[in-house]
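Asks: Each chain, written out:
Protein chains: 2
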Amino acid sequence: MEDKHLLIVGAGLVGSLLGLRLLQRGYKVSLLELRPDLRSSSQSAGRSINLALSHRGLRGLELVGLRDKAMELSVKMRERMIHSSAGQLMGLAYSAREGEYINSISRKALNCMLMDAIDQLDPKALQFESKLLDWNPQQQSVQWADQNGIVHKLDNVILLGTDGANSQCRKLLMEQSQKLRFNYSQSYQNYGYKELTLPPGPGGEFLIKKEALHIWPRGHFMMIALPNPDASFTCTLFFPYRGEDSFEILDQPDLRKEFFDRHFSDMADYFEIFNEEYEKNPIGHLYTVKCSPWSYEDKMLLMGDAAHAIIPFYGQGMNCGFEDVVIFDEMLNQNKNWLSCFQSFEKARKINSDAIADLAEDNFLEMRDRVADLDFQKKRTLEIKLEKEFSDYFSKYSLVTFRPDVSYHDAMQLGRKQDEYLLQVVNNEKDIDSINPLILIEQLRALR
Amino acid sequence: MEDKHLLIVGAGLVGSLLGLRLLQRGYKVSLLELRPDLRSSSQSAGRSINLALSHRGLRGLELVGLRDKAMELSVKMRERMIHSSAGQLMGLAYSAREGEYINSISRKALNCMLMDAIDQLDPKALQFESKLLDWNPQQQSVQWADQNGIVHKLDNVILLGTDGANSQCRKLLMEQSQKLRFNYSQSYQNYGYKELTLPPGPGGEFLIKKEALHIWPRGHFMMIALPNPDASFTCTLFFPYRGEDSFEILDQPDLRKEFFDRHFSDMADYFEIFNEEYEKNPIGHLYTVKCSPWSYEDKMLLMGDAAHAIIPFYGQGMNCGFEDVVIFDEMLNQNKNWLSCFQSFEKARKINSDAIADLAEDNFLEMRDRVADLDFQKKRTLEIKLEKEFSDYFSKYSLVTFRPDVSYHDAMQLGRKQDEYLLQVVNNEKDIDSINPLILIEQLRALR
Chain A
1 MEDKHLLIVG AGLVGSLLGL RLLQRGYKVS LLELRPDLRS SSQSAGRSIN LALSHRGLRG
61 LELVGLRDKA MELSVKMRER MIHSSAGQLM GLAYSAREGE YINSISRKAL NCMLMDAIDQ
121 LDPKALQFES KLLDWNPQQQ SVQWADQNGI VHKLDNVILL GTDGANSQCR KLLMEQSQKL
181 RFNYSQSYQN YGYKELTLPP GPGGEFLIKK EALHIWPRGH FMMIALPNPD ASFTCTLFFP
241 YRGEDSFEIL DQPDLRKEFF DRHFSDMADY FEIFNEEYEK NPIGHLYTVK CSPWSYEDKM
301 LLMGDAAHAI IPFYGQGMNC GFEDVVIFDE MLNQNKNWLS CFQSFEKARK INSDAIADLA
361 EDNFLEMRDR VADLDFQKKR TLEIKLEKEF SDYFSKYSLV TFRPDVSYHD AMQLGRKQDE
421 YLLQVVNNEK DIDSINPLIL IEQLRALR
Chain B
1 MEDKHLLIVG AGLVGSLLGL RLLQRGYKVS LLELRPDLRS SSQSAGRSIN LALSHRGLRG
61 LELVGLRDKA MELSVKMRER MIHSSAGQLM GLAYSAREGE YINSISRKAL NCMLMDAIDQ
121 LDPKALQFES KLLDWNPQQQ SVQWADQNGI VHKLDNVILL GTDGANSQCR KLLMEQSQKL
181 RFNYSQSYQN YGYKELTLPP GPGGEFLIKK EALHIWPRGH FMMIALPNPD ASFTCTLFFP
241 YRGEDSFEIL DQPDLRKEFF DRHFSDMADY FEIFNEEYEK NPIGHLYTVK CSPWSYEDKM
301 LLMGDAAHAI IPFYGQGMNC GFEDVVIFDE MLNQNKNWLS CFQSFEKARK INSDAIADLA
361 EDNFLEMRDR VADLDFQKKR TLEIKLEKEF SDYFSKYSLV TFRPDVSYHD AMQLGRKQDE
421 YLLQVVNNEK DIDSINPLIL IEQLRALR
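Top line first, the protein sequences correspond to chains A and B.
Under this note's numbering, the first residue of the first sequence carries the number 1, and numbering increases by one thereafter.
Under this note's numbering, the first residue of the second sequence carries the number 1, and numbering increases by one thereafter.
Simulated from the structure, these hints should not be mistaken for lab results.
Quantities reported herein were computed from a predicted structural model and do not represent experimental measurements.
Heads up, some of the hints might be wrong.
Since the list can't tell identical chains apart, any single copy or any two copies may satisfy a pair.
[Said to hold, decoys possible] Distance condition first, Cα-Cα at most 27 angstroms in a straight line; then the derived DSS-like pairs of lysine-lysine:
no. : residue 1 : residue 2
1   : K280      : K179
2   : K290      : K347
3   : K179      : K131
4   : K171      : K290
5   : K131      : K108
With the sequences and hints as input, model every part of the structure.
Replies: Structure (structure tokens):
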């Protein structure tokens, strides 16, 4: 592989993991980050406060030797805890097996950990408050401005664009639309989100169950809450922008209390805290970005959200981005030049990033609506039972979340077949206890 | 309606028709056009040389009183003339009814005609070699540079973006993606096109049948030819970029003659002429653009290809754009302010521009492949018979092409149902002469 200076644009989670790995492999790496250094500022790390780290993401952290350290920063979430309108609780385990849980982790803490590791290998690699000014693909040169506004010129450089959903690098590819026959789509949900914080209790305790991802599913809207190590929870409201039960309604202060009391009755005591943050925090948008090609000759490659931004409802955005780094690392092993490396990376990943994008859109409906449905709950109960009894059975959720050896695309295909089959079974059989698991598992195995 | 200066960006076909109509309605209108005045230059008018003008487009020309004048510039095309590989010909009429034909017209001649009409109403409206420099939606002001590079500032202006598939105005909306929750997609076909000219015969005669749209359907590629008033034909090759029978192959000069002889045997005499142009002319790309919203408050609206670029296989790109002007004109009658005018325009048009985009993609397959298919030809024969006998029967093609009173969306829905039904009939009945048209028409009417 020809020796090039690798310029990573965007030192968020994916850019930082990628930079670290490339430094470990011995490349000359620089990372440009628009924002100030997270580690010495009080700013947040981007669009959402915490994330659900699962097996695909852990594989990325394993690759750079930081898996255990990341786990120390996390709070395990072993189940979905469903809160009904009346305040009743029901836990639905993510899996019956040891080690199959997801991990709530702060975006900022994780990013800082990766940056610290980069600094240890090359303290000059990370350039904060720095901006890509110009890219000349013919001459393979870039100009960028550092935090003092000093302009640097780099030649013989490869751009790796990990600059997120609103990627500047992707816009550079878009300017070459005709030449690249660049396919592109951005599509917004009719839903936005707002983050609120449920603080620790007076004695520093978790106010709702710690090791769970909490969901208040309400059909056309929902709230979720993820635990933080300091015993607080980050709650996120997902609401339509307009119509009945929407941000349009919640934005009217006099309607808000009644609304919270009615729909989130078990949280009624914390309304004042929520209300204060509601006023302060902005509404975030949810959108999916797909594009192709991800590269420009052997001169630029997009990775992570820059190439494939997804909505957060499978908890896979970061996990998918980290898996990009794992696959890219494999491609570096398998290819002899950058061009074939970039092309085989996209060939391997595009089908899978498309699959997780579609799965995430499906799962939004599942989370806000179907988890409250009796058939869905029976199906989950049955699946947990199957997962407990048969080590080779994995639900769609488990395939996506706990089986990095199965691609997103294969997980989607098998998972959908299983779901369809099990919903039929649950529908035909009122009493799921009367189902013979030995027969059922054979039928499910036949779907593979 | 508040009186505003209307600044039309792009004086192509749609921009010119729109500008003319708005001048006729008494608005203050300026049109900025990047290119020099077509009427005093030898340049072409854009991406393709001639177009198929049909009833929806004619409605737009009728609105400004130029229908008859446009018809004088056109050559009627009454049928599809299918050329087999062996050189056999078969004509498939577009319709059995009087007045239902399509019209081959030069893009440049049509555009010049519209510009002349604009000049008659306001000789200062058209500004050539002029560029939009800056748009400030808050202040509703723009800056633009005229052909001498002099910068003008305009306040209290409404932008109407008719600047085509690669619209600069649409890019301005895209910069407001988050605020507008701007949905956008551009998707390229794996096919490109190249235009060639078949000149008039030695005595100035048409070398192939005049009043026809000629097609050489070859499955995964095709050539078409449209007549021009000077007795030449504009031929267009539609080929995959890569693979067997692709531009990649045709780009090799030593393979080209054998290829033409084999696939376009009845054109073999003209190979040298084609070959010369093949070397000179660029390969054009085919892509579909969809987006939403088309407007920014009451300050900007996209129309025509800028809002909805489609591939050319239904011959509806310009017709759809002209229909935009007709519907916009209706919206000006029906609405009291610009905001509701823009919103109701999109509400009326988006569903229909999406439909014609999808129909055009379907029709590409039909033109290059199915027209050569026996069942398809039987179905067309049957439909022509039905159209001749029953004044209320219209095929999908006729609904789209000759019935501007039926929306594209409704034409698509009914047309697809009819197609499905007739293909079944043709499939079950070997001899179509034995089909009772009185029974069949009743079955088809039931689909409405």
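Asks: So, for every hint listed, does it hold in this structure?
Replies: The hints, checked one at a time:
1. When the C-alpha separation of K280 and K179 is checked against a cutoff of 27 angstroms, the pair qualifies only between copies, where the shortest distance is 18 angstroms, while the shortest distance within a copy is 45 angstroms.
2. In this homomeric assembly, K290 and K347 come within 27 angstroms of each other (Cα to Cα) both inside a single copy, at 14 angstroms, and across copies, at 26 angstroms.
3. In this assembly of identical chains, the alpha carbons of K179 and K131 lie at most 27 angstroms apart whether taken from the same copy (26 angstroms) or from different copies (23 angstroms).
4. In this assembly of identical chains, the alpha carbons of K171 and K290 lie at most 27 angstroms apart whether taken from the same copy (13 angstroms) or from different copies (18 angstroms).
5. In this homomeric assembly, K131 and K108 come within 27 angstroms of each other (Cα to Cα) only inside a single copy, at 21 angstroms, whereas the closest approach across copies is 45 angstroms.
The structure meets every hint from the earlier list without exception.
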